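Protein chains in written order, with the working numbering: chain B, 44 to 429; chain E, 44 to 429.
Hints in this document: simulated from the structure, not taken from any laboratory.
Label pairs and their calculated CB-CB ranges: (1) E:MET237 <-> B:GLU78: 53 to 59 Å; (2) B:ASN315 <-> E:TYR346: 54 to 60 Å; (3) E:THR235 <-> B:TYR296: 58 to 64 Å; (4) E:MET237 <-> B:ASP148: 51 to 57 Å; (5) B:ASP148 <-> E:GLU319: 30 to 36 Å; (6) E:TYR270 <-> B:ARG45: 27 to 33 Å; (7) B:GLU400 <-> E:ALA196: 55 to 61 Å; (8) B:GLY342 <-> E:TRP61: 44 to 50 Å; (9) E:LEU161 <-> B:GLY115: 32 to 38 Å.
Stretches of chain E that chain B covers, calculated by requiring three or more beta carbons in the stretch to come under 8 Å of a beta carbon on chain B: (10) 97-107; (11) 118-132; (12) 412-425.
Taking beta-carbon pairs under 10 Å as the criterion, some of the chain E residues facing chain B (in silico): (13) ASP64; (14) ALA89; (15) PHE91; (16) ILE169; (17) GLU177; (18) GLN284; (19) SER286.
Owing to the predicted nature of the structure, the values given are computational and were not obtained by experimental measurement. Backbone N, C-alpha and C define an ideal beta-carbon position, used for all residues, glycine too.
2 protein chains.
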Amino acid sequence: MRRVAVIGIGITKFGEHWGKDLRELALEAGIKAIEDAGIEGERLDAGFVGNMAGGSFASQEHLGALLADHMGLNPLPVTRVEAACASGGIALRQAYLSVASGQHDFVVAAGVEKMTDLDTETVTEILAAAGDREWEGFVGATFPSLYALMMRAYMLEHGATEEDFAWVAVKNHKHATKVPYAQFPREITLETVMKSKYIATPIKVFDASPITDGAAVLILAPLDEAYSYTSDPVEIVASGQASDTIALHDREYLTRVKATEIAAQQAYKQANIGPEDIDVAEVHDAFTVGEVLAIEGLGFFKYGEGAKAAREGLTTFGGKVVVNTSGGLKAAGHPVGATGLKQAYEIVTQLRGKAGERQVKDAQYGLTHNVGGSGATAVVHIFRRV
Amino acid sequence: MRRVAVIGIGITKFGEHWGKDLRELALEAGIKAIEDAGIEGERLDAGFVGNMAGGSFASQEHLGALLADHMGLNPLPVTRVEAACASGGIALRQAYLSVASGQHDFVVAAGVEKMTDLDTETVTEILAAAGDREWEGFVGATFPSLYALMMRAYMLEHGATEEDFAWVAVKNHKHATKVPYAQFPREITLETVMKSKYIATPIKVFDASPITDGAAVLILAPLDEAYSYTSDPVEIVASGQASDTIALHDREYLTRVKATEIAAQQAYKQANIGPEDIDVAEVHDAFTVGEVLAIEGLGFFKYGEGAKAAREGLTTFGGKVVVNTSGGLKAAGHPVGATGLKQAYEIVTQLRGKAGERQVKDAQYGLTHNVGGSGATAVVHIFRRV
Numbered sequence: 044m045r046r047v048a049v050i051g052i053g054i055t056k057f058g059e060h061w062g063k064d065l066r067e068l069a070l071e072a073g074i075k076a077i078e079d080a081g082i083e084g085e086r087l088d089a090g091f092v093g094n095m096a097g098g099s100f101a102s103q104e105h106l107g108a109l110l111a112d113h114m115g116l117n118p119l120p121v122t123r124v125e126a127a128c129a130s131g132g133i134a135l136r137q138a139y140l141s142v143a144s145g146q147h148d149f150v151v152a153a154g155v156e157k158m159t160d161l162d163t164e165t166v167t168e169i170l171a172a173a174g175d176r177e178w179e180g181f182v183g184a185t186f187p188s189l190y191a192l193m194m195r196a197y198m199l200e201h202g203a204t205e206e207d208f209a210w211v212a213v214k215n216h217k218h219a220t221k222v223p224y225a226q227f228p229r230e231i232t233l234e235t236v237m238k239s240k241y242i243a244t245p246i247k248v249f250d251a252s253p254i255t256d257g258a259a260v261l262i263l264a265p266l267d268e269a270y271s272y273t274s275d276p277v278e279i280v281a282s283g284q285a286s287d288t289i290a291l292h293d294r295e296y297l298t299r300v301k302a303t304e305i306a307a308q309q310a311y312k313q314a315n316i317g318p319e320d321i322d323v324a325e326v327h328d329a330f331t332v333g334e335v336l337a338i339e340g341l342g343f344f345k346y347g348e349g350a351k352a353a354r355e356g357l358t359t360f361g362g363k364v365v366v367n368t369s370g371g372l373k374a375a376g377h378p379v380g381a382t383g384l385k386q387a388y389e390i391v392t393q394l395r396g397k398a399g400e401r402q403v404k405d406a407q408y409g410l411t412h413n414v415g416g417s418g419a420t421a422v423v424h425i426f427r428r429v
Numbered sequence: 044m045r046r047v048a049v050i051g052i053g054i055t056k057f058g059e060h061w062g063k064d065l066r067e068l069a070l071e072a073g074i075k076a077i078e079d080a081g082i083e084g085e086r087l088d089a090g091f092v093g094n095m096a097g098g099s100f101a102s103q104e105h106l107g108a109l110l111a112d113h114m115g116l117n118p119l120p121v122t123r124v125e126a127a128c129a130s131g132g133i134a135l136r137q138a139y140l141s142v143a144s145g146q147h148d149f150v151v152a153a154g155v156e157k158m159t160d161l162d163t164e165t166v167t168e169i170l171a172a173a174g175d176r177e178w179e180g181f182v183g184a185t186f187p188s189l190y191a192l193m194m195r196a197y198m199l200e201h202g203a204t205e206e207d208f209a210w211v212a213v214k215n216h217k218h219a220t221k222v223p224y225a226q227f228p229r230e231i232t233l234e235t236v237m238k239s240k241y242i243a244t245p246i247k248v249f250d251a252s253p254i255t256d257g258a259a260v261l262i263l264a265p266l267d268e269a270y271s272y273t274s275d276p277v278e279i280v281a282s283g284q285a286s287d288t289i290a291l292h293d294r295e296y297l298t299r300v301k302a303t304e305i306a307a308q309q310a311y312k313q314a315n316i317g318p319e320d321i322d323v324a325e326v327h328d329a330f331t332v333g334e335v336l337a338i339e340g341l342g343f344f345k346y347g348e349g350a351k352a353a354r355e356g357l358t359t360f361g362g363k364v365v366v367n368t369s370g371g372l373k374a375a376g377h378p379v380g381a382t383g384l385k386q387a388y389e390i391v392t393q394l395r396g397k398a399g400e401r402q403v404k405d406a407q408y409g410l411t412h413n414v415g416g417s418g419a420t421a422v423v424h425i426f427r428r429v
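Based on the sequences and whatever the hints tell you, model everything.
As structure tokens, then:
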């Protein structure tokens, strides 16, 4: 396998883009990434685009061809990949593997989702397609309710409180205040979270990530060609992907995400490092309990100890590992197909040392963790400053 | 690049499966393929599943995880890929590339679509997501109407008649009579086609492929390990993929499909053969004009001469190249995400010499040609008897 570097990154503002459609968002992030890499479109060999539900959100499938066309890259083979909310991570992984294996040299990894053209109820219904439609969705289980089961089980098993989880939201909103592309770059108090309405007890509105439009794009290249395009390449040193049961009720545990654990083990093994080596991580906090399960599954904290991390300042600047400097899905926003690439955008920015006010000092290793459904797919990537 | 072989194939009956859902169809074809290969599930390294619109047809996305789960293959990383009606071909290509490049050894390539739970109008609307929704679908263009523009332009440019195209349907239905999995295994007459209703002049009902449920699965392996699993491996010797404009009105030609031409050139170059070496081909006849444009774009016939091929018997047994022994999309059926894998299933069956009454004698080279939308994506694979 060849060594692979990120040579260009681009992102749109995350939020409600009433004036831009799916293709315009992807195009904006794509052009920024191509400009950042300073590469000619003709040099590109292939592309992968992560998108969960263009068909349902925007009546548009076939996004590979759409993007190749509107980015002026025809006849470039661009392939859409989908793994629910992990679609972006999967696009990055396919792009990474295609360069690492020598299939291609210069590859686009894109993620995009346009969600705000529909009402919240319809969006919630569409997102339920990430779970087991026959045995979860059709009997009324939405994603807040599935994550509520995990949160409740965790509270029962480990004696954690709703406040523990609320601190995750407070921490991520604080991080977001320094993030130019974040949807909600403003601080919130513990009281704001605790007094917000229950959407599926014990999950409250402020435990949940928002509905978001946005796109993020990376350009990958063989490391030995990267310096022709950038003075600060960031290497992708590992990629892991694992599946678990599509339905939550079929899982071995409610309080651990096995796919995360397996994908992380694959990645640590490939990178030949351990969780203690990671300086900065972007993890999948679609709900606050998601971040807690993630930081345990990734090995940053022991089982049952993740819930206290945000409260005790262990996952913010100066802590054990800085988690979600972007604000996470919670405060930066969660355009589902773009999230995995946004995570990578943020980690590359950190490892380039270009994160400004939110820079994690001397960050050497970064990690991204992207989950599909309630944990049926997990994708983990590890990045290193070269 | 390593040499890659097909070591197992499986397919469901194509048709209206009122009693089986998406996962059951994929599972049925998957188990057949695994049994055909005689491989243990634990040996598999990865999977790719082609599906166009599970979200819209069946309210189910995240098919990679769903299939890994229901085929008992967790934590196998299985990734859904989508390129409209070329989704199956793209799944095959990703699986092929992952073995050829040495990323993985044993890989599943699956395709599935469940379309018949909805009424025809809704299905037509969902399929319009394969084109340019903003500039085609929203102004009323459906796929029959887009292909009608191509057919009309071809008739004008080359003096072809509606009867020329009708012969394609007659030929493919005749082929389907020998095909156990075909949706419509019955002969039709020229009169049946010509007297059928116009759905978008000059396209009639019998120029169009039907709405179909079905699944097809292949198992790929490095050629040098293939003989441990099968006595008759078939090699995949080339894979090509190209994009063109998503909207038909942006194309350079209405009477040629450029993405087909480019993907075919890539494939012939990789295989180091020409169109004259192909004995049997499965091409994308979503509409009869599609087959005509395909056999020209693939280089079997000169521009303007493809329309006469079916009438003159040049694309059936004993002709120049036998096209669509499966009955094509027209008579075997077109479960969109499964079609590319069905094409590969048929070609492998031919090259194994196991096609029974429909066997093409001494077939050495076979080709599959899968198109997304009105030609925005084309995928071409070439197979060889080892």
